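Chemist: Let the hints inform the model, and build the full structure from the sequences given.
Chains as they are written, first to last, in the numbering used here: chain C, 29 to 282; chain H, 29 to 282.
In short, the hints are calculated from the structure, not lab data.
Be careful, since some hints might not be right.
[As the list claims (entries may be wrong)] Cut-off 20 Å, straight-line C-alpha distance, at most; resulting in silico cross-link-like pairs (SDA-like, lysine to any residue): (1) Lys227/C x Asp80/H; (2) Lys227/H x His108/C; (3) Lys55/C x Lys139/H; (4) Lys227/H x Glu147/C; (5) Lys176/C x Glu217/C; (6) Lys139/H x Glu217/C; (7) Lys55/H x Ser62/C; (8) Lys55/C x Lys227/H; (9) Lys227/H x Glu217/H; (10) Lys227/H x Asp114/C.
[As the list claims (entries may be wrong)] To spell it out: a stretch of chain H is covered by chain C in this simulated footprint if at least three of its residues, at any positions, have a beta carbon under 8 Å from a beta carbon of chain C; those stretches are: (11) 48 to 54; (12) 73 to 79; (13) 96 to 108; (14) 188 to 202.
Predicted, not measured: the structure shown is a model, and the values here were computed from it.
Think of the CB as a built atom: it goes at the ideal place given N, C-alpha and C, for glycine as much as any other residue.
Protein chains: 2
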Amino acid sequence: MSSKPKVWTAGMLVIGDEILSGRTHDKNIAQVASWLQVQGIRLTEARVVADDMTAIGEAVTALADRYDYVFTTGGIGPTHDDITVDAIAKALGVPVVIHPDARAILYAYYKDRPGGLTEARLRMARVPEGADLIPNRMSGAPGIRLGKLFIMAGVPHITAGMLDALTGTLEGGAVLLNETVGCWVAESEVADVLREVEKAHEDCMIGSYPFFRDGRVGANFVIRSTSPEVLASAVDTLCEALGEEGYDFTPGGI
Amino acid sequence: MSSKPKVWTAGMLVIGDEILSGRTHDKNIAQVASWLQVQGIRLTEARVVADDMTAIGEAVTALADRYDYVFTTGGIGPTHDDITVDAIAKALGVPVVIHPDARAILYAYYKDRPGGLTEARLRMARVPEGADLIPNRMSGAPGIRLGKLFIMAGVPHITAGMLDALTGTLEGGAVLLNETVGCWVAESEVADVLREVEKAHEDCMIGSYPFFRDGRVGANFVIRSTSPEVLASAVDTLCEALGEEGYDFTPGGI
Numbered sequence: 029m030s031s032k033p034k035v036w037t038a039g040m041l042v043i044g045d046e047i048l049s050g051r052t053h054d055k056n057i058a059q060v061a062s063w064l065q066v067q068g069i070r071l072t073e074a075r076v077v078a079d080d081m082t083a084i085g086e087a088v089t090a091l092a093d094r095y096d097y098v099f100t101t102g103g104i105g106p107t108h109d110d111i112t113v114d115a116i117a118k119a120l121g122v123p124v125v126i127h128p129d130a131r132a133i134l135y136a137y138y139k140d141r142p143g144g145l146t147e148a149r150l151r152m153a154r155v156p157e158g159a160d161l162i163p164n165r166m167s168g169a170p171g172i173r174l175g176k177l178f179i180m181a182g183v184p185h186i187t188a189g190m191l192d193a194l195t196g197t198l199e200g201g202a203v204l205l206n207e208t209v210g211c212w213v214a215e216s217e218v219a220d221v222l223r224e225v226e227k228a229h230e231d232c233m234i235g236s237y238p239f240f241r242d243g244r245v246g247a248n249f250v251i252r253s254t255s256p257e258v259l260a261s262a263v264d265t266l267c268e269a270l271g272e273e274g275y276d277f278t279p280g281g282i
Numbered sequence: 029m030s031s032k033p034k035v036w037t038a039g040m041l042v043i044g045d046e047i048l049s050g051r052t053h054d055k056n057i058a059q060v061a062s063w064l065q066v067q068g069i070r071l072t073e074a075r076v077v078a079d080d081m082t083a084i085g086e087a088v089t090a091l092a093d094r095y096d097y098v099f100t101t102g103g104i105g106p107t108h109d110d111i112t113v114d115a116i117a118k119a120l121g122v123p124v125v126i127h128p129d130a131r132a133i134l135y136a137y138y139k140d141r142p143g144g145l146t147e148a149r150l151r152m153a154r155v156p157e158g159a160d161l162i163p164n165r166m167s168g169a170p171g172i173r174l175g176k177l178f179i180m181a182g183v184p185h186i187t188a189g190m191l192d193a194l195t196g197t198l199e200g201g202a203v204l205l206n207e208t209v210g211c212w213v214a215e216s217e218v219a220d221v222l223r224e225v226e227k228a229h230e231d232c233m234i235g236s237y238p239f240f241r242d243g244r245v246g247a248n249f250v251i252r253s254t255s256p257e258v259l260a261s262a263v264d265t266l267c268e269a270l271g272e273e274g275y276d277f278t279p280g281g282i
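Modeler: Take a look at the structure:
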């Protein structure tokens, strides 16, 4: 028997009062999750905490203890509520230093803008000692990599640019593939079918996601596996079973 | 000196592979957060975990240890991947039982629907022993309350109905008020102003949320306080300072 391949895991920390007040809908969990899937890394847990030194430090430490990678978003801007770097450095017991390359990037970015590189803007060059930079082609201020930690922006399109810069640079494992089968049925009617198809296929997970649309109930069944063969077989078996029972189903999802 | 009033806190757990795969954007954190604000309760931390017994149990236990209330969303439907009740009961060391009122609700809901109250549907009447029900006027299956724990649906409009049923029933404290001031400015230009206004007002927090719109940079500054007087004073001071420096600002936000 071959040993099972390593599954690479990630934890994520979303930092910001604005998410916990309900003012802002987080978009970064879904964005980072989708990106990680393609890198062969599974987002296993996400947390959201306020702009609070202790809460950030504790969460980063807990996630770093558990997962291969940790991604944070938020709190790396120029204002007083941007304390992510300080909180992480304190939790790791390392000093905060000005990264010379970050300072050069910010100098170039702001030199022709009103005010130039002010002290507030220079805050964005501060990193935990020993860190590398993650390029940000959107707005100058870079993200920060420190070992397994990736400290990124909170504004989603800037985060997207940082993820793009990281694409292909992280070690990962087998990509978790997925296919969706949609069906106009109350999921409770096919609960047994779903359970049996999942059981019959090792390395296969089936999630059921009900919806209400145009006055009808339906559900999308998402089948996941790292093996293309297992995935194809599970999808076939599920479609066959749904067809036999006379349900109106759509490979690809509804 | 008067002692500080108690701040009521809540933790939240979002349960579901679909959020961690990036397939589904969570809407419940923002929804629960906004609702809690009005109840005078602060959402202090949110976590997202997969449909995994151990992960759910550990997270619920950790959040219940830290906060006055814990809200979960997801994993209480009729299919095999709906394991929230089992995971929480196991973590608490109590058995899972059929709640007679939940059975009666489901019986009434399904009796004229194809298949009636099947075994899969009856799963939705299972609760940790000792629990009460949270009414669900959208789709029959109730939510569950067990002491400080509130176990709710994952589908956002059903969650909304459950929150509505809970409105005004939870003990809370002073509502955290907020006002927004928008300004067409790079937040880094006014970082000092923001810091000083916050410092000058006790029980006041100012968050800065930059944006890029119509080719211009701007930011919304959200001022929060439990005191209407402090809030009004902080907003006035901020607007005055922005006006003095010649910035184009808009009370109410941009």
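Chemist: So which of the earlier hints does this model not fit?
Modeler: 3, 5, 8, 14
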